[in-house]
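A.B. asks: Spelled out, the chains give:
Protein chains: 6
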Amino acid sequence: MIKIIEKYEIIDLIKGAISEDMEGYGDITSKYLIPDKNISSAYIICKEPEGAVLSGLDIAVYICEEIDPMISIKFLSDDGASLDNMEGICDIKGPAASILKAERTSLNFIQHMSGIASLTNRFVKIAAPFGVKIADTRKTKPMLRKVEKYAVLCGGGHNHRFGLFDGVLIKDNHIAAAGGVLEAINSIRTNVPHTVRIEIEIKDFDELDLAIKGKADIIMLDNMSPEDMAKAVKIIRGKQEETIIEASGNVNLKTLEDICKTGIDVVSVGALTHSAPAIDFSLEFE
Amino acid sequence: MIKIIEKYEIIDLIKGAISEDMEGYGDITSKYLIPDKNISSAYIICKEPEGAVLSGLDIAVYICEEIDPMISIKFLSDDGASLDNMEGICDIKGPAASILKAERTSLNFIQHMSGIASLTNRFVKIAAPFGVKIADTRKTKPMLRKVEKYAVLCGGGHNHRFGLFDGVLIKDNHIAAAGGVLEAINSIRTNVPHTVRIEIEIKDFDELDLAIKGKADIIMLDNMSPEDMAKAVKIIRGKQEETIIEASGNVNLKTLEDICKTGIDVVSVGALTHSAPAIDFSLEFE
Amino acid sequence: MIKIIEKYEIIDLIKGAISEDMEGYGDITSKYLIPDKNISSAYIICKEPEGAVLSGLDIAVYICEEIDPMISIKFLSDDGASLDNMEGICDIKGPAASILKAERTSLNFIQHMSGIASLTNRFVKIAAPFGVKIADTRKTKPMLRKVEKYAVLCGGGHNHRFGLFDGVLIKDNHIAAAGGVLEAINSIRTNVPHTVRIEIEIKDFDELDLAIKGKADIIMLDNMSPEDMAKAVKIIRGKQEETIIEASGNVNLKTLEDICKTGIDVVSVGALTHSAPAIDFSLEFE
Amino acid sequence: MIKIIEKYEIIDLIKGAISEDMEGYGDITSKYLIPDKNISSAYIICKEPEGAVLSGLDIAVYICEEIDPMISIKFLSDDGASLDNMEGICDIKGPAASILKAERTSLNFIQHMSGIASLTNRFVKIAAPFGVKIADTRKTKPMLRKVEKYAVLCGGGHNHRFGLFDGVLIKDNHIAAAGGVLEAINSIRTNVPHTVRIEIEIKDFDELDLAIKGKADIIMLDNMSPEDMAKAVKIIRGKQEETIIEASGNVNLKTLEDICKTGIDVVSVGALTHSAPAIDFSLEFE
Amino acid sequence: MIKIIEKYEIIDLIKGAISEDMEGYGDITSKYLIPDKNISSAYIICKEPEGAVLSGLDIAVYICEEIDPMISIKFLSDDGASLDNMEGICDIKGPAASILKAERTSLNFIQHMSGIASLTNRFVKIAAPFGVKIADTRKTKPMLRKVEKYAVLCGGGHNHRFGLFDGVLIKDNHIAAAGGVLEAINSIRTNVPHTVRIEIEIKDFDELDLAIKGKADIIMLDNMSPEDMAKAVKIIRGKQEETIIEASGNVNLKTLEDICKTGIDVVSVGALTHSAPAIDFSLEFE
Amino acid sequence: MIKIIEKYEIIDLIKGAISEDMEGYGDITSKYLIPDKNISSAYIICKEPEGAVLSGLDIAVYICEEIDPMISIKFLSDDGASLDNMEGICDIKGPAASILKAERTSLNFIQHMSGIASLTNRFVKIAAPFGVKIADTRKTKPMLRKVEKYAVLCGGGHNHRFGLFDGVLIKDNHIAAAGGVLEAINSIRTNVPHTVRIEIEIKDFDELDLAIKGKADIIMLDNMSPEDMAKAVKIIRGKQEETIIEASGNVNLKTLEDICKTGIDVVSVGALTHSAPAIDFSLEFE
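Chains as they are written, first to last, in my numbering: chain Y, 1 to 286; chain R, 1 to 286; chain L, 1 to 286; chain S, 1 to 286; chain G, 1 to 286; chain Z, 1 to 286.
There's no promise every hint is true.
As the list makes no split between identical chains, a pair holds if one copy fits it or if it spans any two.
What the hints assert, rightly or not - Below are the DSS-like pairs computed for lysine-lysine, each with C-alpha atoms no more than 25 Å apart in a straight line:
hint	residue 1	residue 2
1	15	261
2	215	239
3	7	74
4	146	254
5	37	234
6	74	231
7	37	171
8	15	74
For the record, the hints were derived by calculation from the structure and aren't laboratory data. Just so it is clear, the structure is predicted and the values come from calculations on it, not from any experiment.
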């Protein structure tokens, strides 16, 4: 996979972001103080002591194109790359007033997406030796799911379903409405597009047995202790080699290693997208 | 101020957020497993051990109205309220499938906005005894500035300018382009709408003198040590009682008290909106 | 599944459809000739000799609500129902001018969607005795995929993936780029969200062997003769009970029975959505 | 007239069509399997045995431009041209993954629009020797009226009014509300923009007499037998040479010739746009 | 015709207008000073000494509904009515802060639309005794054509074509491209939808002869002296009773009477929509 | 300040304006009469006897780019320039049919914006000798505030707040709700972003005293006689040198000079944007 996000995928988001910074009279400081269109040079650097992973660099280009086609950008790095402190990620040339208009919106994308990529990468480094994938969730910020889940990929993570529409996840309310675990699995298998897998969240070992019996494609072990998880994995693997086992709930950088040791396949982590702190980037003029 | 965010202000954001969760076939799990429209009861609770401040509750209502007018919500709390662990914030009645569709999108708003309100409140509690205001910045997530800055208010914080359009902030590039601090202030005073104040960011005591001479309305002390800040405050107050003094850069929960002691009026903190971790909320069916 | 399409899912489509009929001055005939808002009664009937299946009735309601809240509609049938010739599907009350504005746009949805439901139903009646599902494809009309695929469900059909985003389908170009069938399946299995199944289109028996070896979840037999299909089914079932087998290409009402006899699970048919003739409906005033 | 549809006229439709195929994660098959941007060659051919007329070729270009500016297209035919079986209509060069993303959306436009152009052309060939025009109606698919009516032109057909806004058509409800045929015609003549003609649908010879007396510009003979049509034409021509006479209702490829012989000027046919089957096109890589 | 403009016709315009007044933080004055939702009473009065004609009253309702459903409005007048100085046009009840938010946007519509209705009415009063219609043009403000042309109707005026799409007007460039007046008329008659009339602008008596020979439906006499107009009318009426004759160019309240005396049917006046001064309205709290 | 309006700021307005002129079938006259894309030459001239100031020239370029990239424009003047009668403002080259499509929409912007710039300039010429600024208001046309306020700058005027969001203006209802002038000023000062000035409208000398005591940044004297204004200015200047004094109400070209003589700083004039007559421009082909 080449780590790029295409312009047509996010152009409305970019326009919205520019617009919220420049309603009404636009940039009232620069328009009166920087009256000409002479070309200046600038660059963006990472100011994070360590562990930063880049995400969102293409978006800076799209923002600049939208604001002023006279701006040009030269990449010094790529999405997915690890960054040193004070490392430059791109050089920018263009009218100073235009660069100033593009600055904050561009940095807001990059600092947020790199924050997610960097946090993801810390989880991935722990899980990778166990062959376990770190997956995101639907716990994303409104309107930003596409870029946040792309940032998870940049950090080495793995995508879970995007929304309610591209993956089945049967939870307790669905089970209750359907009249039981087996009934739920069978009903969904009959009706849902045959192109998606059927995942079920189980809350105890009775439900686990039924999920195995129903041949669920993916079994989610939610909020289990590592001991119970290990026991569940053993039960599942004994009956159905191919079933994908996912762990979820109470996952953090401290508990992750013990979870990975249980033999599960995937760990899904809401914090990747709902609580990653921003990475510090700065745009400097030469 | 009543802490509400009106529906017309954020309806496009709400539609966008619903849409990213339910493209294509919509909720493929619930539509096949929960076929009827019988009324269920549910509630949302806060699962944060301590220090949570609520923000975004109205938005849950708007999301539910959009998805199914049969859903009704009863508030048990209000935006701006401090929440105990396991405290319920609202009761919900409606068709189970509709509630499930609204669940994640609603929680994504509330957990994020309450995260910002709660972090803001921690800063506010330190600064308030000194009569210092905690202000946000433009370092927000794309498309979310309106709700994030509303959340800052819920946490007891204060809003800085919304974007480039509703406040003047003269930075080094503007000064360079204008030919000096005084030239920049005078030029902007002549041209900009007379309804906005003129703020200037100064980097040393020479620039400070010029900013005072130019009668800047607001002087921003950026990345100064508390000692230099105190010195700067003394110089400004000696000449111009009314000038608003703002501190910025390297502000965190540890450094804040020392900064407040210097006598400044406002501290602006990017982390409020770019790095607040989410507060944990959960929707439970009865 | 209750066969309804929710208003928020298609409101933009409805607005667009109304708008293309009433740009500029709006309905220039009715606005000058029917000046009052007295309440008239009307109804919609099906004028198809036989075999019609209804789809799109909710949409008539949404269109009328958008044009004039004074219009009310009473359902006499439901989406998915078989219709007799001259059978009424709904009664309408409201101002005559408003009903006339809503008439053509409402009928355009119903006649097109019922056309798809009706054609689908003809395929389903042949395939059902063999336990074979009739599935749609991505060969839909621009902007109408959601309503067209909903109409397929109304006719008793089954949905394939909605778009490129919610199902994997590996075709010859993907195989060539990946360096072979096994390489393609393995690469996609490592990377793609674990919530979707992996489908591969195979063109001969060599590729079939590799697809089985790679444990593809779904194997598509494209443009094969019924004899070759039967042979392929036998090979697959001998090795992997669970694999879903899909037939595609050269499927019509005459060839369908022979295809179904081969033991495949699903037949996908582009014509359901790209070539279904409209069903004739008419709105009559009382 | 040059048969082109300009990009600005349909860009929103194109964006909507691309978007419904690539929500969420986009093309999940190609993005993981075709990682580079090397240039491939492909072409689109018509696979219809006979009678196909091309429409929509420009749209393929606009879709490709939107998805990836690295794609270039060379036309081998033009909208309005008759196509032989297996005739190529364009050559395409660009990154394989980008071409695959553009493929289905492009073909969906071309197959549908060419379907309409081809069916229109069959009607036109029958009517042309009699100097009769074949016109479309408002029985179009939602949101597609512009492209469908353009396709009618490509097939040699003629456009009726686009919507309710650009032509007057007085029907029975209007006559009833106005108090009679003459009253309706006079009232509309007084009020409606003087730039549109006044058309009236008549149901018997009494109404015909009044329509002639009222000097209607266009008289529509709806669902009349050819014999009655011929009689009506004779009556009209005897009194008002210039009146345009339109036939409508129960028109198909079998009944058309008899209708044309009656001396009417225009025949309007709903089936052109509501029931034209798709023409088969295929994109092949070299 | 009832003079109302339906909500669905202008809702996007209303949302846009509200939005340009309340971006960013919204109404920063009222939200901090009027914290409760107690119900206040207000009314809108006309402050124009004489000659005011009302237009746009429905729009005030739609704006208030959008901002706060707690606002209710009672009409005291109707669109198209003549207003006395200080006459009240509606009573308003609702939360004071909500009324203040709706005030300026509502008045901006009403003052502008009533300005157009009032100016139109002054032209209509001069022309009506001669049986001449006063028509608008396409010289409208961007995005406001629908409401401006509706205002012309409120003032007693008549609508010309809405845009380029619903009426033919052949000008000198079209004549040159087609190779002559007759060629242009014949070519357009063959191709254009038969539902629109054919209008031609002629610049001298040679062109007039050809336009009559070509049986143009409408002949526009552009920038002619009243003497030449009278001569042209005589020539046209002598040959083709039914032709509609339109005068245009250099029309104002002083020249209008002489133009009307020439026997033309319609006078089109750009100033109605491009230069009407606003009528003064004021919202007062009780 | 360079007087340009950037494309991204107004592209939606431009698209909307083009669209209202070319719905449905588009330009039905030109598409049938001007079939080729040969390049023609044209130019736009000002036909105003005197006093015209140009505004909106960039917009013509953006409209042409949107309609047909084959059109090119060469500027002969700039926004803000004074124009002689019959002076050319730009040369245009491109396909004649495309220029005709762009003509009216371009002229509608330029004639309206130049109308505002020209009227503004007449006020500015009177006020400038007194060092008084002429400011606009929120009395603008719906959706056009951005371009109308830009036009005010082109005419030498000054911008007041853009909307309710970027400036505080305390009026009588706010004072009543807050419980008095001082209470209102103090409450707003505590809460509102510190980046905006606090303006208050006072209706008598008692309120004036309180406004001075509350240290309002801007005091608006509304509908005062020049004598009272002079008295108020004297009182304010005697206590607070820096307060900005704004006059409003009953301002026209006749009363302006007397108002300016009173010593106020700014005069705000609603008529600039709500009642400026259009300037006459014409597009001519060579």
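A.B. asks: Work down the list of hints and note, for each, if the structure agrees.
C.D. replies: The hints, checked one at a time:
For a Cα distance limit of 25 Å, the shortest separation of residue 15 from residue 261 qualifies neither inside one copy, at 45 Å, nor across copies, at 42 Å. Proximity of residue 215 and residue 239 under a CA criterion of 25 Å is satisfied in both settings, with 10 Å inside one chain copy and 18 Å between copies. Taking the shortest alpha-carbon separations for residue 7 and residue 74, both the intra-copy value of 17 Å and the inter-copy value of 24 Å come in at or below 25 Å. With identical chains, the CA atoms of residue 146 and residue 254 are never at most 25 Å apart, being 28 Å at best within one copy and 35 Å at best between copies.
Taking identical chains as interchangeable, the C-alpha atoms of residue 37 and residue 234 are never at most 25 Å apart, the minima being 68 Å within one chain and 40 Å between chains. In this homomeric assembly, residue 74 and residue 231 never come within 25 Å of each other (Cα to Cα): the closest approach is 53 Å inside a single copy and 42 Å across copies. Taking the shortest alpha-carbon separations for residue 37 and residue 171, only the inter-copy value of 18 Å comes in at or below 25 Å, while the best intra-copy value is 58 Å. For the homomeric pair residue 15 and residue 74, the shortest alpha-carbon distance inside one copy (22 Å) is at most 25 Å, but the shortest distance between copies (29 Å) is not.
Hints 1, 4, 5 and 6 from the earlier list are contradicted by this structure; the remaining hints agree with it.
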